[in-house]
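Protein chains: 2
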Amino acid sequence: MKMNKPYYAVIFTSTKTEEDHGYAEMAQRMEALASRQKGFLGVESAREEIGITVSYWESLDAIAQWKNHTDHLFAQQKGINDWYSWYKVRICLVEREYDFFK
Amino acid sequence: MKMNKPYYAVIFTSTKTEEDHGYAEMAQRMEALASRQKGFLGVESAREEIGITVSYWESLDAIAQWKNHTDHLFAQQKGINDWYSWYKVRICLVEREYDFFK
Numbered sequence: 001m002k003m004n005k006p007y008y009a010v011i012f013t014s015t016k017t018e019e020d021h022g023y024a025e026m027a028q029r030m031e032a033l034a035s036r037q038k039g040f041l042g043v044e045s046a047r048e049e050i051g052i053t054v055s056y057w058e059s060l061d062a063i064a065q066w067k068n069h070t071d072h073l074f075a076q077q078k079g080i081n082d083w084y085s086w087y088k089v090r091i092c093l094v095e096r097e098y099d100f101f102k
Numbered sequence: 001m002k003m004n005k006p007y008y009a010v011i012f013t014s015t016k017t018e019e020d021h022g023y024a025e026m027a028q029r030m031e032a033l034a035s036r037q038k039g040f041l042g043v044e045s046a047r048e049e050i051g052i053t054v055s056y057w058e059s060l061d062a063i064a065q066w067k068n069h070t071d072h073l074f075a076q077q078k079g080i081n082d083w084y085s086w087y088k089v090r091i092c093l094v095e096r097e098y099d100f101f102k
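Note that the protein sequences, when read in sequence, are chains A and B. The first sequence begins at 1 in UniProt numbering and counts up one residue at a time. The second sequence begins at 1 in UniProt numbering and counts up one residue at a time.
Same shape as in the complex, but just chain A (with noise of 0.2 Å):
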């Protein structure tokens, strides 16, 4: 994951409908198409009750960009009708980061 600082951080957390027709593939599709998007950096993901999807960009415009996306658009509306009950998206400004490793 290339980290040059300032980057942005889009916090998406959700809780799903019972409905799961699609949804796995969507993800899957989503995330490809993602990583092709100019400044994209990364993503992480994993759901238990909740879903927590956190997708590592360039700049703002590189965000705004993904979510004008035309199957992006497609996959939110899918989204909204049938597989959320709930989401959250937060955009953030990473300050500030440490890691650890064994």
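Rather than coming from a laboratory, the hints here were simulated on the basis of the structure. Check each hint, because a few of them may be wrong.
It does not matter which identical chain is meant; a pair holds if it fits inside one copy or across any two.
Stated by the list, open to error - Computed cross-link-like contacts, DSS-like style, restricted to lysine-lysine with a CA-CA straight-line distance of at most 25 Å: (1) LYS78 / LYS38; (2) LYS102 / LYS78; (3) LYS16 / LYS38; (4) LYS102 / LYS38; (5) LYS102 / LYS67; (6) LYS102 / LYS16; (7) LYS102 / LYS88.
The model shown is predicted, which means the values in this text are computed figures rather than measured ones.
Fit chain B to the given chain A structure using the hints.
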């Protein structure tokens, strides 16, 4: 979750070792303890291949105080010694947010 802007998100991503002894209990204790700290706004968590925990705070000062809380320092050391093979912490300013409810 009280969210008077501006506020901060701490994104904690991790992969665990095979060592699981005491982990769930400690995670639960730390969440309970964090939620009683000054400036704490909320926390969300999910783990599959990787774990993602995002906690929300009123200020950088509140984040620093929680990082240096004695019991939390002990838990962090246990995490480094036993539970995590890798982790990354990102401290982020939440610049924008929107949500959807069905």
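Checked against the structure, which of the hints given earlier come out wrong? Of the numbered hints, 3, 4 do not hold.
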